[in-house]
Each structure stands twice: as structure tokens, then as C-alpha cells.
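Protein chains in written order, with this note's numbering: chain A, 1 to 1062; chain B, 1063 to 1541.
Read the hints as simulated data drawn from the structure, not as lab findings. Check the hints yourself; a few may be wrong.
To be verified - What the simulated footprint calls covered on chain B by chain A, stretch by stretch (three residues with Cβ under 8 Å from a Cβ of chain A suffice, anywhere in the stretch; the number is not a length):
no. : stretch
1   : 1096-1102
2   : 1157-1168
3   : 1301-1315
4   : 1368-1374
5   : 1446-1457
Stated by the list, open to error - No farther apart than 27 Å at their CA atoms in a straight line, the calculated lysine-lysine pairs in the BS3-like style are these:
no. : chain 1 : residue 1 : chain 2 : residue 2
6   : A       : Lys-700   : B       : Lys-1091
7   : A       : Lys-694   : B       : Lys-1168
8   : A       : Lys-933   : A       : Lys-287
9   : A       : Lys-817   : B       : Lys-1521
10  : B       : Lys-1091  : A       : Lys-590
11  : B       : Lys-1220  : A       : Lys-678
12  : A       : Lys-823   : B       : Lys-1220
13  : A       : Lys-933   : A       : Lys-225
14  : A       : Lys-70    : A       : Lys-221
15  : A       : Lys-480   : A       : Lys-678
16  : A       : Lys-89    : A       : Lys-221
17  : A       : Lys-678   : B       : Lys-1521
18  : B       : Lys-1257  : A       : Lys-678
19  : A       : Lys-694   : B       : Lys-1220
20  : A       : Lys-694   : B       : Lys-1091
21  : B       : Lys-1521  : A       : Lys-854
22  : A       : Lys-89    : A       : Lys-379
In this text, all values refer to a predicted model and were calculated from it rather than measured experimentally. Even for Gly, the Cβ is constructed at its ideal location relative to N, Cα and C.
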Amino acid sequence: MTGRVTADDGSVLPGVNISLKGTNRGTTTNSQGDYTISAETGGTLVFSFIGFQSQEVTVGSQSTINIALKNDVSQLQEVVVTAQGIERKRNELVYAAQQVTAEQITQTRSTNLMSSLSGKVAGLDIRNTNSMGGSTSTVIRGYKSITGNNQALYVIDGVPVSNANNNTATQASGGAGADYGNAASDINPDNVASINVLKGAAATALYGSRAANGVILITTKQGKKNSFDVTVNSGVTWGQIDKSTFVKYQKEYGAGYGGAKDFYSGDLGSGVAPIASFDSDASFGPKFDPNLQVYQWDTFDRASPNFGKTRPWVAAQNGPDKFYETGVTSNQSVSIAGGGSNSTFKLGYTRNDEKGVLPNSKLGKNLFNFSASFDILPKLTVNANVSYSQIKGIGRYGTGYSGKNPNQQFRQWFQTNVDLVEQKDAYFRNQQNVTWNWANHTTATGNYPIYSDNPYWSRYQNFSNDTRDNFFGNTGATYKIASWVDFTGRFSYNGTSDLQEERVALGSSGTSNYTRFNRLFNETNLDLILNFRKSITKDVHFVGVLGSNMRRSRETSIRASTNGGLTVPNLYALSNSINPIEAPTEFERKIGVDGIYAQASFGFKELINLELSARQDKSTTLPKANNTYFYPSVGANFVFSELPALKANWLTRGKLSANYAEVGNDAPWGSINNVYAKPTGIGSIPYFSLPDIKNNSNLKSERTRNLEFGLETGFLNDRLGADITWYRSSTIDQILPVNVTSATGYTQMYINSGEVQNKGIEIAAYITPIKTQDFSWTVNVNFARNRNKVMSLYGDVQNVPIASLQGGVSINAGFLKDATTGKITGLPFGIIRGTNFSYNDKGEKIVGTNGMYKATASSSEVIGDPNPDWIGGLSNTVKYKSVSLMFLIDVRHGGDFWSLDQWYGEGTGMYPITAGLNELGNPKRDPVTNDSKSGGVLYPGVQADGSVNTVRAGNTDGGGSTAYGYPANPPRAQYIYDASYVKLREVALTFGVPQSVVSKLKAFKAIDLSIIGRNLWIIHKNSEFSDPEEGLGSAIGAGAGGYQTGSYPAVRSYGFNVKFRF
Amino acid sequence: MKKLLILFLPILLLTACVDSLDDYNVDTKRASAVPAVTLFSNSLKGLADVLTTPSVNTNNFRLYVQQWSTTTYLDEPRYNLTARTIPLSIWRTLYRDVLSDLNESKRLVNADATLLADVKNNELAQIEIMQIYAWSVLVNTFGNVPYTEAFSDNPLPKYDDAKTVYDDLLTRLDAALTKIAPASAGFAAGDLIYKGKMASWVKFGNSLKLKLAMVIADSDAAKAKTLVAAASANVFTANADKAAFPYIGTPPNYNPIAQNLNIIYSTRQDYVAASTFVNPMNELSDPRRASFFTPTAAGTYVGGNYGFLNTYSSFSHVGTKIIEPTLEGLLLDYSEVEFLLAEAVERGFITTGTAADHYNKAITASITYWGSTAAEAATYLAQPKVAYTTATGDWKQKIGTQKWFALYNRGYEAWVEWRRLDYPKLSPPTGGTAPAGLAIPVRLIYPNDEPTLNPVNLKAAAAAIGGDLATVKLWWDKF
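Whole structure, please, built from the sequences with the hints as guidance.
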């Protein structure tokens, strides 16, 4: 029996379930809506598909049954998985929830589930880093907590998985480290059936306090009854850096700080000649001259053909962009799913191999999952899900201001005469640290790197490695007590074990070192839930939930380092420490939270729904007297499209909803009782010290209040429609470790205060302008605008620095208070402070006597706001027969970041702006002479007396006569950049091999081929040399971003994928 | 229905469990009770570190008094106090890591009911002397600082008048000195300076008193005179009396100079000797140069141009003795005391000995401390440019110049003495690429986060001292 299943408008329906009643035979339609099933005359075929009415057809003598399924009233009837896995019809929801399908997530084969959500959900702000396997910040509806966690909670089949990362505090604040990613990035995208993003507090109320930042609810694929399906997926993508997000270098001047004459002189083997200033990590040196023979860094490399020789003084042929290689990601997965008449199962395995764009970087993932359900008794179903992931990383990218991040050299401290291919050869000849940055220009032997190592040495010797094993799963049973009530008990477990090892080899510029970090984390949840569903009268339906949750988590970790260097080369063990190691840092953190909750929903004629819910939590992290907190929510909707008067063809669906919810939250572990810090004692004399943070034994729970209104509409058979949501939330009584003056004896104190408001609007709209039998075109648009304001902190304090960063800027939470009226103006969370331009009364920039813009005396001026004005996504899907083309454009408008890369890099004379000609047509690097031959840079502005500026800033060297960057100490505001971008994020061209061909190949049910691309084109951006999206992962300044240091270029990836179904 | 009730029960009962988890919020890896002496020991290291470290993030006083210069990075020798959080770093270390631990140590000693009265008094005196030392550094660096309301629960402590604080410190010091019972024990092994020898603490306390009193000699001569006269009989009498922190060869208890400058721990080449300092030493053939600096390839001592770019290999570097990980961190030494006594004679505060006597003893103490012989010291002193009677200038210039040499590697002390004695005459970098209008700081500006953390009190303090500027002189800095 074969046939094709279509919708009643003629479009083909892939994925429709077809089963033969009374048997365990079953199949699904392929991408053309075609199916094949063997059935006997007289049997009954059941066609079922979400959003459509099921249909049964008795098999007669025919061998082909083509069938058109009818829309199931409207999309409002679509079943949506909500909090605690409770399935609800869409029109029963009183809050915003946006669903993403499996197809949308996997079509461009990103190995990171989170980054594949970017641009697809209104109000979901995804921030990726460009490092391999790095953490992804996922924030829903803005930043709510001033210093705490703002990351959304991931819940996978009822198992909560935290998106927190375990990178060091130094890494998080822009210092040395590596970004090891987070457990949520280990979720297998191929195993996901659907994702529902629960945005507001009313939607997440049943999850309690930890869901205060929203929930990404993931439902994994399950086997279907009476079916058997094998899917094999195989794909490869290649990645290369996007050069528009990398540095460009001036090609006129080479190594040095001291300007035109900055050569040493001496005889290093071929007679007396100029010697490049190796020890300068800057390009403010002499002008290039191909006729000038100069000793360069390779004159010290005995293995080099240039050993002891001079070379022409010219710009490098191969710049640092050559350091980046082509990344390759391969993805192979197989899944077997199926079921009998009373059981289902699914078994999946995915293998990911990623070779990063940096030399010696690799990330391997093995992802296994198994799920099964079994109807033991007619009323009792048991099920279990288990997932195991194994991640192995080598050479994760070093981040921040660190020699392990090659961009510290390439973007901040570098010589434009250094050829990266020559550096590569120099390293590989003998695997030695042949640097371009020798400490000494006189000794031919015993020389060593002063600041920078050979970047290949860094990658191949000073690499990190890590493993992460994550096991999570649940087992549960559902018992149907009566037709209107069932009981579910579920036990879930999530266990993670991490090992991170970092090394600095002997022979590097820094002290050799080995550091290891071991961490074990586990969390158990026991959930008992009663679900009620009953019609009270013909028109009034009741849905109720009564449940409890018992959560226990335990985290233990230990971090230890060698002390004072390594004894023997290439042995990375704590025992190889020169000095006895310092006591490792140990933690044991245990948290217990018990919650009970109830929810009652009443529906009237599918026209009006009213929902009430309440939850009470009791947490161990709060003082016993205050450890219980209760919070309610209430919501209602009105499905106006069900009004008899509006029942018309043009209005497919229409719903108004409103809700109000509160969510309580507990304190971070260990914020109540004071303990002593333990510095390393001297010899046998021990030290103890008061800690830097003062705890607070009177903490009470913090609280978020949330108000939301929504309108959902669909027209003309859902050919177009829009969901619009407006919300306002305010988080009060925040539990904050706020910064205080150290005159208190502490640098931070835990307090219960402060208020942060978020309000915004989200729009998700779609239109299908063309839809015929063979051709369709659909456009989806997401738009979100969030306004965030800090309204109060504590006492009279108006600003709390969240992170004080290198370069003299800080990320802050604060507000302005008018001294006379007392009026409070909230400032956005994460504002960047530093010195600003000085303006005169007319708003003109004042230029100082050195020709540079004059900075304000105060370094706490507001100079930037990292929050975007709005974010959005636009996706287009065009289908013609079995070919479909999808592309997604991701937009972020507004928001600022401060760049340490430009601050240092312009100061060291690497960037094109620091060379070339000034407005008189003279070289900028010529001395300022106040005549027509003058060099220097003339900044537009006025002098202190209001006259037009005529003073040129000197730009002859990096020793103070520098018109750019740090040596000139200009206002920090000069190095603020706009973070807007428009990116062509995803492109996928998919071709389903026609059924007529597939059926000849007997073994296959379907074959899909696709060509895919990610991040192919940055259509627009305002930051000239970097990817405006690049930040420091999910931890910096509570994830607020707004700062770039050693930022990685964006990676364009493209490849293909083949999917077979058997 | 009954079945349903049975299922309700566990749901409701579950929530009572949390209360039994008594150990969940307890930090099992950190101590909640510790001996008082451990906090005292830790504060000694904190104080020694902040005064000894050459880290550009914290302590740039060796640059301000032009003993050193930098090679490549010019922010610090050109007195930029905001590119790095230098004032914050000093402020934070003294308040949070030194004074706060001493406070806590005092609280624990006072709360200990088992201590003998004499021992308790001695321990409290040891704590008090170190607190007074640390407070004096804060006050003499910033001027008005939070004092009476510091270390309270008030997150917005008011700033107190510097002079009032200083006078209180002097009163407290007298009270502490009378408390000491020299024959009894105090903190012993954990007293890293004197190993519990209370007689040494008497000397140290009196030497500190002499030093603190002399700071106010120009602003309150009468008070200074009384204090100096009272203290001078009980001060250090030999190099061995010095108060020094005994750094060991193992990080993190090694000398922070080694951490920053010794090739074992850092390949950086940030500092060379400053010509301002080396040239006059060369002129006097000072025997300490061999300890202070490395000779250049030509075998001479050459200093770099202060405040400008310098080629590392062309100049003398910081001496190998100075960058030893085990070099002790001096808090107060005999040479310093003799210089103070010389000055006290000149000012008419005391009459024991002559100024020249004390001056000679001071220089001899310094030269022998750095490894030269008494004979070499005598030769040095015999030069007309050194000899007290023939050296150039008034007593302020003679003592100021020689004390500047003796306080090499003691950047903070040298900076205090330079402000107080107004010698040697130092000029900020001028000409070339140096911006116009540079001025050597005579105080540090308040930390960069105070304007947001304690704005109202900070504003009042800045107004009271005449503006939060590095060019505003403190109350005792009359000339």
C-alpha cells in the first residue's frame, strides 16, 4: 500500500503517522508526504498528525490511498508541553510560550544546541563566543539579578540542567583562562523533538525559584507505538575565519616603541648592522625600507636559514590571519526508534568531532541516549530516559588578557614585521620556543622570550585539556487512578564529572605551571504530581495539578597548582612542582530545596480560561527562620476567535491573555555563615584571614513580580499571523554580594535590597505569501525590545561595580538620583563607566594642550550601555516540490562594548589608523612642526577657550607622543564601539530524493541531502576589526557583556549533510 | 477517593524534610574558629607585601622618588594614578588584609578568658603597635580616611580628620607601650618579626613613636618634641634591632620583588636604575651600589633617563641581592632611627649626642647592612661631600640626601621623608615626549571606586583636605 498525505489545502505533509489498527505495524510519511505500508484488505489505516484531525480508512482492493487531512480546528488546538511536562492545548495557555521544532534546530547542523536557537525566538538573547565549545549566554527578557545568575534554566524531559559554567573567576573577568563551555552545550540537537521557551514567571511558576530567569523546555524524541524507524545522519562542515572580524595592520612601520630611530646596532654575525628592537611588543618603530638590511628575530634561531644574517626591513608577507586554520566538524548519528502496541523505545548515538580554527584544538563528543516506555497495566505506564555524554577537549582557546590567547599578541602587542609562516617554521623545526620577542639583543646564546612566546609554542606546549562526563536521566511511572485523574512519580538524576588541566611548559615566558581542577556535581529531583482533567459541566472544564518536588544537589571540587614552576620538562603532575604546592582550593556545596505547588485552570466553552497557581519553597540556603517562601500567580485568557460572531474563515485564531505572577528565589550557597579564609602559611606558621565577603545571617528570599499581556492572532487559514506580548517585571529584595568600601574590612557584603525592572515587547509574526501544490514561501519574523533599569540598590548607594576591568573601565548596576528633587532615573544593567570626553557648554569636545581629547576628571562617567535597543530574526523558507531553501537573518541593533584590543593595539601602532597621512597630506608619524610639513593628528574639536582646535597630537612613537590608545591616556569613551550587527546566520538548501527514486532503492524510506552554511556573511556591523557579538562567555559581569579583550574572529562554516531513513 | 488521599500525603510530607538538613549550609572546608595569632601573622605579611612590592598596580613609590625608572611603559613614572587602580590596591590591602585581620585578632584575644593577664596585655600591645603602623601608612598616604566608623556594620563610614586620627594613634601608641610586660610572653612563633621577644617590641614601639612624632615636627613642634624626647632613650641601637618580615624562598611567602623581577618568576624587563639616583651615588663612589644595582657591561653603574623610554640592556638593573626571594622586608631599621635622632638634635628636641654622630651612625648602619665593612663606611664618610660638617646645604639637605640613599628599596618611606625634608630636590620629567605640567604626587588620590561606593563621605573628605588631588599637601607637609 502506498500513497501521499496532504493537508486539505494541497500541501504535502511529511511526518504523518500511519498505523494499521490492531497490529504493531506503522510508518510515517517522508518529506514528500509519501508512505509505504503493507496492509491486508479489510484492515484499517489510521492517519494521525499534530494539528490535524486523525482519519481512519478501511483498505479495500486499491493499492494506493491518497488522503487529505483536515486542519484540527486551528493551531490553537496544538498541543504544547508546559512546565513539569504537562501537555496543554495552546488555547488554554494564559502566558507566552514560543515553540521551536526539531527541524528548525538541526537544519544547519550546529553542534551547539543553544547557538542554534539564535534569532528564532522573540525575547531570547543568545550570545555566543567564537571559541571552540565555549559557553553560550542565554538570557530571556533581560537581566534581572544584579550580581547573580541571569541564565535561563534548561529542562530536558523534566531533568533540570544548569547553564552555569565552571570557568575560573579570572577568566570571567577578562583575565587568563579558557572557556570550557557548560553542560547545556552537551545536549544532542539530533535528539530534540521540540523546544518550548517559557518566558515569563506565570509560565515557569511550577518550576519554582530556579526558573526565575525563564525555562528552555526540551522534549526529546521518543519512539512511536507500532513503528520501527532507523535514521542515519552524516554531515561535515568546514569553518574559516571571517577576515572582516580580524585585525588589519599598517604596513609602513615595524618593531619598536621609540619611533624612527628605534634600532639597536651591533654585529650579530654578518657585520655591524641595525638590530630590530625584539624586546618591543609594538610597531611604533622605524619606517620599512626594503634596501635596509636589519638583524631580525630569526638571527638568533640556529636552525633558521637566517641565523646570524640580516634581512630587508619590510612588512610581513604573512600576517597573523595565517595563524588560523580551516576548522572541520563532522557529525555522525544513528537513531533507532519504534514501539509495539504497548511499548516504545528509542536508542541514539551521536559522534561529533570538531577541529577548531586554532592549531592544536580538538573537541570530541560522544552522546548516547536511550528511552523507553511500557504500559505494564492498562492504567500504569512506566518510562525511563537516560543520556550520557562524554566530552573531550584539547587546546580550548585561551581567552582574555593572557599569553595563551594568541589575540593578545595579534590584536594588542605585536610587530608588523613578523611573518607568521616563518614563526610556524621556526617552531616546527625543533619544537622550540623561537619567539619574535627576545629579551635581549646582545647575547646570541641564552636568550629567552620577554613577553610573548612563539604562538605555535603556546598552542602546542601550553595547551589545556579537559573531559566532561555528564549522565542524566529519569525514571517514572504514571498511573491512571480514574478517568479524570492520574498520578505521576518521577525520579531524576543529573551527574557531571569535570576534569580540567592547564599547563605552561618550561621555556615559556611565564613561570611554568600545571593546574588541575576536578569537580563532581550531582542533583536529584523527586517529583510527585497529581494531574486532574474533568469537565464540571458541559461547558466548564477543569485542569488541575498538585505536586511536590524534592531537590538535592551536591558539588565538590578541588583545584590545585604547582608552586614556583616545574622541575622536569614535559611532566605535568602536581608532584613535579619546584616548591611544595599550596593547599588546593576545596569546595563542598550542598543544597536542598523542597517545594509544593498547585495549579487550577478553568476553561469555559474553550472561550475563556482562568488559571491560578501557587508554590511554596523551603530552601537550605536561607536562614532557618526565613527559609520558607510562598508565591502565587494568576492568569486569564479570552479566545475571541471562538466567539460565534467572529467565527469566520479569515480569522483562524485569536486570543487575548493576561497574567500576573511572583517568583521567590533563595540565596546562593554559603552566604549566611561567616568562615575564615586560609592563605598559605609561612613555613610551619599558619595564617588565617577574614574573608573578603561578609555574609549575612538575616537574608530572606528575593522576589520577582511579573505582569504580562498577550495577543495571538492567525488569519486566512494561518497564512499569516502574529503573537504580541508585552511584559513588565521587577525583581526586588535581591540577594546581592554588593561591593562596599574596604574601609568596612570587606570588599563585599551580602544584603537583601535593590530593584531591577525589565519591560518590553515581543513579536513573533509569520506569513506565507505563496502556497501552491508545489511551491510555498514562508517568512517568520521575531522581534524583541527590552528596557532594563536598575531602580534602587541599598542604602544611599547609587552604583555597584559588577566588574572592574583592565584598561580602566567597569561594568555597573546603578541609577541617578537628582540631588534636589530626589527623583530617581534608572540606568540599564551593565552600563560601562570610565572617563568621558570633556564637553564645553555648546556640547563640543574639548581638545587638551597635547592635542588629545581632554578626559573628564572622574572615571565613573557613564560611557556605554551594552544592552541592545532591540534584537530580531527574519527567516525565509522557500519550498519547491522536494527542494527547500531556508535562510535566517539575525539582527541586533544597538548596544555598546569597550575594546581593550583597540586601546592597546592602537597605542602600540599596529592598526592602519596609527600610520598613513594626516589631513595635510603628511605622514602622521612625522613630528609636529606647526607648519605645512607637520605630522601628527588633528582631532576635530575646540580648545579650552572655545576656539577651533589647531593643536596636533604628536604621533612619533609609543613612548608618550602617541595620538592613539593607552599611551596618550585619552578618554575611555573614545574606545566605545557599537555592537549592532545584521548577520546571515543560517542557510540550508535541502533536497529530498523523490520517493520514486527512493522506492527503487528498497532499503530506504527517505533520503534527504542538504547543503548548509552558518555565519556566512556579516551584512552589517560598525566595529571595524572585530565581531560585535564576541564577548567573554556567560560569566562576565553576570553575563552582561560590553567588553572585548583578545576577541576571536567569527567563523564562517559551510558543509553538507545526508540523512537516511530506513 | 481513599487512594487519592494516600497519594496526597507524601506530597505534603515531603516539604518538611529541608529543616533536617542541618549541615547543608555549613562550609565543611573552611574554619569557623581559629587562633588569634594566625590572623596577626597574616596581617604582618600583608603589611610587608604592600610596602615591599614593586608591582606597578600597587606600589610605585620607588619611581616617585626616582630611585628606579621604567624601560617601556611610562604611565607610572609619569604619575598616572588612574590607568591602574593603584590607590585602591594600597587602600584595600591596608584596610581589608592588614587592619581588619588585626582587629579580628584583637577581638579573639579579648574574648579569650583563659589567657594570663600579662600575656593578654602583651598580645594586645603587639596587635596595637602593628595597627598604629598600618594606620599611619594610610593617613600619611591619603590624608583623611575612615577611622572611627571603619570596620563597623555601616557600609558608608565617614572620613575622619587626618590630624585628629594621627593624634589618636600617638595616644594609643603610648598606651600600648605602657601595657607591655617585657618578661612575659606574647604571641611567640606567630610573631614573625621578633618571635615573641617583648623587649624587642618595646624598642620597636619606641622607634615607631620617634618616627611618627618626627612626621609632625613641622606642624606641631611642641608635641613632637615631647614625644621624641620620651621615646629616644628606648629606640633601636643596632642593625639587629630592626623590624623586618622574614620572607622565605617559597611562593607565596617569597619577597614580592623576586616575584616581579627575578628571572625565576618573571622574564619581564620593566625597570632600570634611574640616573637621578645613580649619578650622585657614583659621584660619592658609594659602596652600596654593588648591592643596589648590577653593573653594565662596561662595569659601571648607569641609570636610565627618568620618565622616558630606556633600553634595558644599556643600564644598570636592580641588584641581585634585592631580587633574592629571601630578602627580608624592612618595616623599620636602625639607620632610619639614627637619621631621625640626628634630625631631633638639629631641631632641639633632644640633646643626647651630636647631629653628626647620629648622621655617621645612620650611614654606617646602612652601609654595613648592605654588606660593606665599617672601614669602607669610614672611607665613605671621610669624603668632604659626605662629611656632616662639609656636605652641601643645611641639615635638611644633608640628612635628606643621605637618607634617600639609605632608604633605597624602601620606596614608601623614602617618599614620606622626601615630602617631609624636601630633599633631595626632584623634578618631574619635562621636555621631549613628556606632557607638560607633570607633578610628583605629594599624596595619593582616593581609590577609584570610593566615588560610587561612599560618595557623600568622600566628597566631604575631599573638600576638607582641599580637593582630592595628588598635588594637595597633607597637614604636616608645611614646606
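For each hint, the structure was consulted:
no.	hint	verdict
1	1096-1102	holds (count 4)
2	1157-1168	holds (count 8)
3	1301-1315	holds (count 7)
4	1368-1374	holds (count 4)
5	1446-1457	violated (count 0)
6	A:Lys-700 x B:Lys-1091	holds (25 Å)
7	A:Lys-694 x B:Lys-1168	holds (18 Å)
8	A:Lys-933 x A:Lys-287	holds (18 Å)
9	A:Lys-817 x B:Lys-1521	holds (16 Å)
10	B:Lys-1091 x A:Lys-590	holds (12 Å)
11	B:Lys-1220 x A:Lys-678	violated (31 Å)
12	A:Lys-823 x B:Lys-1220	holds (25 Å)
13	A:Lys-933 x A:Lys-225	violated (85 Å)
14	A:Lys-70 x A:Lys-221	holds (25 Å)
15	A:Lys-480 x A:Lys-678	violated (56 Å)
16	A:Lys-89 x A:Lys-221	holds (20 Å)
17	A:Lys-678 x B:Lys-1521	violated (36 Å)
18	B:Lys-1257 x A:Lys-678	holds (22 Å)
19	A:Lys-694 x B:Lys-1220	holds (20 Å)
20	A:Lys-694 x B:Lys-1091	holds (17 Å)
21	B:Lys-1521 x A:Lys-854	holds (23 Å)
22	A:Lys-89 x A:Lys-379	holds (23 Å)
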